[in-house]
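Undergrad: Chains as they are written, first to last, in this note's numbering: chain A, 1 to 309; chain B, 1 to 96; chain C, 1 to 393.
Worth flagging that the hints you see were computed from the coordinates, not collected in a lab.
On a predicted model such as this, the values are computed, not experimentally measured, just so you know.
For glycine and all other residues, C-beta sits at the position ideal for the given N, C-alpha and C.
Hints are not guaranteed to be accurate.
As the list claims (entries may be wrong) - Some, not all, of what chain A presents toward chain B, calculated at C-beta under 10 Å:
{"no.": "1", "residue": "L7"}
{"no.": "2", "residue": "H18"}
{"no.": "3", "residue": "N63"}
{"no.": "4", "residue": "G208"}
{"no.": "5", "residue": "R299"}
Claimed, not checked - To be clear about the criterion: a stretch of chain C counts as covered by chain A if any three or more of its residues have a C-beta under 8 Å from a C-beta of chain A, and this derived list gives those stretches:
{"no.": "6", "segment": "44-52"}
{"no.": "7", "segment": "71-78"}
{"no.": "8", "segment": "122-128"}
{"no.": "9", "segment": "182-191"}
{"no.": "10", "segment": "346-360"}
Here is what each chain is made of, one letter per residue.
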Amino acid sequence: MPPLKELAKRPERLTSGHRLCAGCGAPIAIRLILAAADKPVVAANATGCLEVSTTIFPYTAWNIPWIHSAFENAAATITGVETMYRAKKKRGEIDEDIYFVAFGGDGGTYDIGLQSLSGAWERGHRFVYVCYNNEAYMNTGIQRSSATPLGAWTTTSPVGKVLPGKTQWRKNLTEIAVAHDIPYVAQSVPSNWRDLTLKAEKAFHTEGPAFLNVLASCNRGWRHLPADTLKVNQLAVDCCIWPLYEVENGEYRLTYKPREKKPVEEWLKVQGRFQHLFSPAYRYLIDEFQAYVDREWERLLEKCGETKK
Amino acid sequence: MSELKGWKELVPGGLIVEAGNAKEYKTGDWRTEKPELNPEKCIHCFFCWAYCPDNAVIVDAEAGKMLAFNYDYCKGCGICAAACPAKGAITMVPER
Amino acid sequence: MAKVVGFNGNAAVAYAMKQINPDVVAAYPITPQTDCVERFAEYVSEGLVDSEFITVESEHSAMSACIGAAAAGGRVMTATAANGLALMWEMLYIAASMRLPIVMMVTNRALSGNINIHCDHADTMGARDAGWIHLFSENAQEAYDNTIQAIKIAEDLGVRLPIMVTQDGFIISHAVERVEILEDEEVKNFIGAYKGRYPLLDLNNPVTYGPIDLFDYYFEHKRSQIEAIDNCLPVIERVGKEFGELSGRNYELLEGYRLEDAEYAVVALGSTCGTAREAIDSLREKGKKVGLLKMRCFRPFPRESVIEALSPLKGIAVLDRSVSFGGFGGPLFTEVRSALYDAPSRPSIINFFYGLGGRDIYPEDIEKALEKTEEVVKAGKIEQHIDYLGLRE
Ligand SMILES: Cc1ncc(C[n+]2csc(CCOP(=O)(O)OP(=O)(O)O)c2C)c(N)n1
Ligand code: SF4
Ligand code: SF4
Ligand code: SF4
Ligand SMILES: [Mg+2]
Numbered sequence: 001m002p003p004l005k006e007l008a009k010r011p012e013r014l015t016s017g018h019r020l021c022a023g024c025g026a027p028i029a030i031r032l033i034l035a036a037a038d039k040p041v042v043a044a045n046a047t048g049c050l051e052v053s054t055t056i057f058p059y060t061a062w063n064i065p066w067i068h069s070a071f072e073n074a075a076a077t078i079t080g081v082e083t084m085y086r087a088k089k090k091r092g093e094i095d096e097d098i099y100f101v102a103f104g105g106d107g108g109t110y111d112i113g114l115q116s117l118s119g120a121w122e123r124g125h126r127f128v129y130v131c132y133n134n135e136a137y138m139n140t141g142i143q144r145s146s147a148t149p150l151g152a153w154t155t156t157s158p159v160g161k162v163l164p165g166k167t168q169w170r171k172n173l174t175e176i177a178v179a180h181d182i183p184y185v186a187q188s189v190p191s192n193w194r195d196l197t198l199k200a201e202k203a204f205h206t207e208g209p210a211f212l213n214v215l216a217s218c219n220r221g222w223r224h225l226p227a228d229t230l231k232v233n234q235l236a237v238d239c240c241i242w243p244l245y246e247v248e249n250g251e252y253r254l255t256y257k258p259r260e261k262k263p264v265e266e267w268l269k270v271q272g273r274f275q276h277l278f279s280p281a282y283r284y285l286i287d288e289f290q291a292y293v294d295r296e297w298e299r300l301l302e303k304c305g306e307t308k309k
Numbered sequence: 001m002s003e004l005k006g007w008k009e010l011v012p013g014g015l016i017v018e019a020g021n022a023k024e025y026k027t028g029d030w031r032t033e034k035p036e037l038n039p040e041k042c043i044h045c046f047f048c049w050a051y052c053p054d055n056a057v058i059v060d061a062e063a064g065k066m067l068a069f070n071y072d073y074c075k076g077c078g079i080c081a082a083a084c085p086a087k088g089a090i091t092m093v094p095e096r
Numbered sequence: 001m002a003k004v005v006g007f008n009g010n011a012a013v014a015y016a017m018k019q020i021n022p023d024v025v026a027a028y029p030i031t032p033q034t035d036c037v038e039r040f041a042e043y044v045s046e047g048l049v050d051s052e053f054i055t056v057e058s059e060h061s062a063m064s065a066c067i068g069a070a071a072a073g074g075r076v077m078t079a080t081a082a083n084g085l086a087l088m089w090e091m092l093y094i095a096a097s098m099r100l101p102i103v104m105m106v107t108n109r110a111l112s113g114n115i116n117i118h119c120d121h122a123d124t125m126g127a128r129d130a131g132w133i134h135l136f137s138e139n140a141q142e143a144y145d146n147t148i149q150a151i152k153i154a155e156d157l158g159v160r161l162p163i164m165v166t167q168d169g170f171i172i173s174h175a176v177e178r179v180e181i182l183e184d185e186e187v188k189n190f191i192g193a194y195k196g197r198y199p200l201l202d203l204n205n206p207v208t209y210g211p212i213d214l215f216d217y218y219f220e221h222k223r224s225q226i227e228a229i230d231n232c233l234p235v236i237e238r239v240g241k242e243f244g245e246l247s248g249r250n251y252e253l254l255e256g257y258r259l260e261d262a263e264y265a266v267v268a269l270g271s272t273c274g275t276a277r278e279a280i281d282s283l284r285e286k287g288k289k290v291g292l293l294k295m296r297c298f299r300p301f302p303r304e305s306v307i308e309a310l311s312p313l314k315g316i317a318v319l320d321r322s323v324s325f326g327g328f329g330g331p332l333f334t335e336v337r338s339a340l341y342d343a344p345s346r347p348s349i350i351n352f353f354y355g356l357g358g359r360d361i362y363p364e365d366i367e368k369a370l371e372k373t374e375e376v377v378k379a380g381k382i383e384q385h386i387d388y389l390g391l392r393e
């Protein structure tokens, strides 16, 4: 992967003037991912914060061909575009090499768009699917998704007398992607530009479906200061809540191992959405949270061949 | 802000054909704080460029130099200041 | 000499698709359309077309992929029915508002529930406000002919809208009939080459498809869409004529049968028009002045042609094969009746529901409908605007 100064020479594919909130994690991820593309890119976008805030008519922040049609179908849409590209290439009507990418939030990916994404993976189109995962439906005002972690407050998992926020653990979509046996799957974060751009470059170079699941915090929904965006995302990595790893043709590889595995509390305490967990009534959930993360982390280490020898 | 167009003037299909024209929409007035650069401290690592959500860091990529902030778009989130490894290169100051 | 083959409606449309050889087809099987998709898959598998065929996992994805492919800048086709069309519902509106000339064959089938695989028009009637052009077919021949014309209509620069070509499920889709087919070259020349207007694959002119409109632009965008669909009637007429010159089979927005001196008429869609002709011939033999108005083009609604054809009559029986629950009459009835409000003279109009879920309709049913209409006119008063044919009490 070229150094930042080289990436900065690439065309500016998502411009300024978009209306995502100050400090939003999503545009950091998207800018870095697009900077990693060494060839032209055509994008599809699911409904959600990224889509809405970048294309408020008559303004578009996209300098690349871009299409949004609905919430649950970014994968199907991009496969239509990619298939037309192949049809035209076959007929000699186009000769450029183009990368195809679809962006979806966690709602558009883990939940309503999972069927269309699974179909696209199974069919084997060459495209990169990026889930910018802010762990809830933010565009509609912070409702829980299946990516929302245990115990998180959202407007549809409010904290009340009998319920402590979300009562389920999140779905492991990255492993669901791996189970599709697609050639490239990775988790990353915007707070580590090198990790993210390396993985994005690999994804673009993949001859088939590639999936990037990128945790990208929403300071409004997670309730943290905008300036803390990178810190909060990085803490998820250092607490092993969001491990950085990739699965290339079935081979697992841990791409970042925290020097010391921090307790999940450190991540929870910097976000307003988890504040209630620190009250005596709900503290037990932090232990459950930790136990879950430990178990998942051990499993992952094993898959990556990193278990203590 | 552009004049509102009548229906006959619109491109068919609801499309926007002027790529990247969001640049005409200035988000600088969202700021309550702004980053100030001390060029003497800057080590030109480009972290601020990489992590700015709004592309509001002006660099000379060829020369490898970080130059300034683009206050037309900078929303004052403070991410650049948090990411900057050179102490004192970026200071967040209240917007007046 | 034209070549004649034995095709059911599905085969006829699949064959038209083969001759059209679109860039991309994305489709999902559903009875009674399945046979069409299977046949097309065979053409792909045998290398008889060079279309890319996307075997999507649902109709929602079928239409989404069609939208992506059409926006990318090429020729796109699909096919569906009933619940499949319903699952596409959201995307139908979007395809039309993006002005993408997608051509879709629909085998009309009842919409659940209870689930029923047989013909009625609930599916496409449910989509009548989505912004698509709707062409109905009376038989396999028309399904074939309409499919070829649909490409040319949809892609006309003055139109650039999606089209559904419908045929009655099973009644047409599965009945083998005599179909005259064109030569491949004739089809190719007739439809011509297609060039997308704002293709996503044009890297030099990056376009944003599907931005968000706030209250400042949505209404204007819809107004321009209204204009687009209203303007396509002359194109449908022109293409119908050109097709006539090529094939000897002329097509108009609607088709009258023995209407010239008629006093009473039925208005119908699809295969029922064939049944209605028999009814009319038999009533004519009894000296009744009756006729048929077959609606080929339902969207856009050819209001003026309808007025011209129906205004001179005394009474009309409008046959609806779908219900608008809680509405005043079925979709065809409301349209026809509303069109005639401003007519120089207004016939009496009765609405007959029939054929839901594939219930057969016989010439005698239609004769009865016409007789009832005559009685009402003679009585000078409509006591019951809505009636049923072929229903047990
Ligand atoms: C079919 C459909 N259902 C619901 C919605 C409403 N909706 C729009 S965006 C959204 C949530 C988006 O969440 P996510 O995908 O996580 O993206 P985010 O806004 O968080 O970035 C919802 C529920 C919709 N547009 N379409
Ligand atoms: S609500 Fe959250 S995800 Fe949406 S733009 Fe704001 S910070 Fe970003
Ligand atoms: S992050 Fe700091 S040191 Fe690095 S380029 Fe920006 S201002 Fe200079
Ligand atoms: S304060 Fe935020 S928006 Fe402004 S330059 Fe720094 S990172 Fe960019
Ligand atoms: Mg989200």
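Undergrad: Decide, hint by hint, whether the structure agrees.
TA: Now the hints, each set against the structure:
1. L7: For L7/A, the interface hint holds, since the closest Cβ of chain B sits about 8 Å away, which is under 10 Å.
2. H18: At about 6 Å, which falls below the 10 Å cut-off, the nearest Cβ of chain B leaves the hint on H18/A intact, so it holds.
3. N63: Holds, because the Cβ-Cβ distance from N63/A to chain B comes to roughly 4 Å (cut-off 10 Å).
4. G208: Violated - the Cβ of G208/A stays beyond 10 Å from chain B, reaching only about 28 Å at its closest.
5. R299: violated, 31 Å
6. 44-52: holds (count 3)
7. 71-78: Contact hint for the segment 71-78 of chain C vs chain A: holds, 5 residues under 8 Å.
8. 122-128: Contact hint for the segment 122-128 of chain C vs chain A: violated, 0 residues under 8 Å.
9. 182-191: violated (count 0)
10. 346-360: violated (count 0)
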